[in-house]
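Build the full structure now, drawing on both the sequences and the hints.
So the sequences go chain by chain: V and G. Going by numbering that gives the first Met the number 0, 235 is the number at position 236 of the first sequence; the sequence numbering is gapless. Going by numbering that gives the first Met the number 0, 131 is the number at position 132 of the second sequence; the sequence numbering is gapless.
Do not take every clue at face value.
Using 20 angstroms as the maximum straight-line C-alpha spacing, the simulated EDC-like pairs for lysine to aspartate or glutamate come out as follows [stated by the list, open to error]:
| # | chain 1 | residue 1 | chain 2 | residue 2 |
| --- | --- | --- | --- | --- |
| 1 | G | K44 | V | E85 |
| 2 | V | K74 | G | E125 |
| 3 | G | K62 | G | E108 |
| 4 | V | K74 | G | D48 |
In case anyone wonders, no lab produced these hints; they're calculated from the structure.
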Amino acid sequence: MWQQIRSNRNKSIALVVIMGVLLILLGYFLGLYFLDSGEAGLILALIVWVIMSLIAYFQGDSILLSMSKARKIAKEDYPRLHNVVEEMQIASGLAKIPDVYIIDDPAMNAFATGRDPTKASIAVTSGLLQRLNRDELQGVIGHELSHVNNRDILLMAMCSVLLGTIVILSWHASRFMFWGGMSRSRRDSSSGGGSAQIIILIIAIVLMILAPIFAQLIYLAISRKREYLADACSALYTRYPEGLASALEKIAASAAPLKSANQATAPMYIINPFRKEGMAASDLTSTHPPISERIRILRSMAGASYADYNRAYQTVRKSRSSIIPASEVAAAGTVSLRAAGTETREPEPVEEQIQRTRETTDLMWQMNHYRTIDCDCGVRLKMPPSFRNVNVRCPHCGKIHAV
Amino acid sequence: MAPWIWIIIGIIVIIIFIFIGIYNGLVRSRNQVKNAWAQIDVQLKRRHDLIPNLVETVKGYVKHERETLEAVTKARNLAQQLSSAGAGERSKAEGELSSALSRLLAVAESYPDLKANQNFLALQEELTSTENKISFSRQFYNDTVLNYNNKVQTFPSNIVASMGGFKAGEFFEVTAAAEREAPKVSFS
Chain V
0 MWQQIRSNRN KSIALVVIMG VLLILLGYFL GLYFLDSGEA GLILALIVWV
50 IMSLIAYFQG DSILLSMSKA RKIAKEDYPR LHNVVEEMQI ASGLAKIPDV
100 YIIDDPAMNA FATGRDPTKA SIAVTSGLLQ RLNRDELQGV IGHELSHVNN
150 RDILLMAMCS VLLGTIVILS WHASRFMFWG GMSRSRRDSS SGGGSAQIII
200 LIIAIVLMIL APIFAQLIYL AISRKREYLA DACSALYTRY PEGLASALEK
250 IAASAAPLKS ANQATAPMYI INPFRKEGMA ASDLTSTHPP ISERIRILRS
300 MAGASYADYN RAYQTVRKSR SSIIPASEVA AAGTVSLRAA GTETREPEPV
350 EEQIQRTRET TDLMWQMNHY RTIDCDCGVR LKMPPSFRNV NVRCPHCGKI
400 HAV
Chain G
0 MAPWIWIIIG IIVIIIFIFI GIYNGLVRSR NQVKNAWAQI DVQLKRRHDL
50 IPNLVETVKG YVKHERETLE AVTKARNLAQ QLSSAGAGER SKAEGELSSA
100 LSRLLAVAES YPDLKANQNF LALQEELTST ENKISFSRQF YNDTVLNYNN
150 KVQTFPSNIV ASMGGFKAGE FFEVTAAAER EAPKVSFS
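This is the structure in structure tokens:
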């Protein structure tokens, strides 16, 4: 079935294997240096890796959801969102409707999590929900559901565990090297030292520095590839690539950063929450492909099939390499686009609402002769006319202001 | 026994396993097609269930549109009666229901009181979504049929398919003219 993009999966798995080899090398040489036994280091590295993998496999989704402060919703709470998830679940042929979560944040973003398609969850920020029309929401949800359907989530979770293990090992090893230098030199003198020791030291240091960087680059390469594929799947599910394109455009234009995101959870979102303006097109250090490029690919699709996405990808990137394997392109046949949905509601941007409310209430305070002081932390202190104290303390940051 | 006998037995066993694999794959695809077909039914039935509610809600507000309301109820009852009939008749009835429904909702546009009714807004969302679900379940049905037909018609699985009596599935073609257009359930 077209959900399974096998050959691409194989390439991703090859990259994961390279990360695994990096971890093994790192463990072996650090073991050789610190414990005089490569095997011991190897076993230690594998133990750390297995424990972290188990946690990620069984607890990963709940950890991610609680870190991003998502709350689960029922259909009655947000019927439109829930219906769109159901619609895309039908279009993607997913066996079970994923749990739907809301993150109360004016930023626009979304992610999916869960180790397999029957235990999946999908989280959407309230900002996204308020500002996207139905077609755009379908595009975003379709993108997330295709991560579920292609089992990208498990792949990325396992990758990030490998990366995390490599980073943690290197970090602790470098600390040990600095602070444990004394005991090290004592052992050196007893074992006699020699050029072999120095070579091991050099290899260990080089691995300590380079392994995390390489692992990170591999991880990002896998992540970017999965994003293109999810875009292609979303276009196929909705038969309307313009929906996702204009959603991405709106998300890119919204300035509000997502407060609950951090570097570790960044690749899970539909766009990188830490994106910077004017990112280079071939940026190796990015979790996601540049949004402008994703939008251009989606907009230059002639139909909705994988073949169309592939052609658009090649035209926009001016490269001959395919993002989707030839076998999948041939099997899908021609798929025509559909017309835009009929729901044209354009919800009002939340931030403008908040801004307007603030201005209005400030006006009310002024009319009642309240005095205001703007604190550096962004809070506006309001004091009634009867306020007689010389100083006032900001309730947010604690700074003392003279009235 | 001579070694070549073992080689032949080994080859036969491998062929049998490949055969079993392909056969099971075909059965899985055929079940997927059936499942996808059932999904369309579920959504059509959901629309039938929503309409009496809609008519009840709208009735109090649109006093002068008795004909439009009756047309919807009639189309809905006819579609429900034909739900076990052939695909052709059925899709015609459902098509008529779609157009009757869109007429009613267009009429509802000119009643601001109705558009402020929470119950109506909830029904509007449900109907929009059900229309989308109907078309997405059709789309998915056609996708599964395509996948199944590819298996039935391409080598080597076509050999197993002809031996096991697997026949190519039919695509869901929209016949009624009204159905071919995008369902207009918008009242923004």
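How the hints compare with the structure:
Restraint check for K44 (chain G) and E85 (chain V): satisfied, since their Cα atoms lie roughly 16 angstroms apart, inside the 20 angstroms limit. Restraint check: the Cα-Cα separation between K74 (chain V) and E125 (chain G) comes to about 11 angstroms, which is no more than 20 angstroms; the hinted pair holds. As the CA atoms of K62 (chain G) and E108 (chain G) are separated by approximately 14 angstroms, the hinted pair is consistent with the 20 angstroms bound. The suggested pairing of K74 (chain V) with D48 (chain G) holds, with an alpha-carbon distance near 18 angstroms, which does not exceed 20 angstroms.
When held up to the earlier numbered hints, the structure conflicts with none and fits them all.
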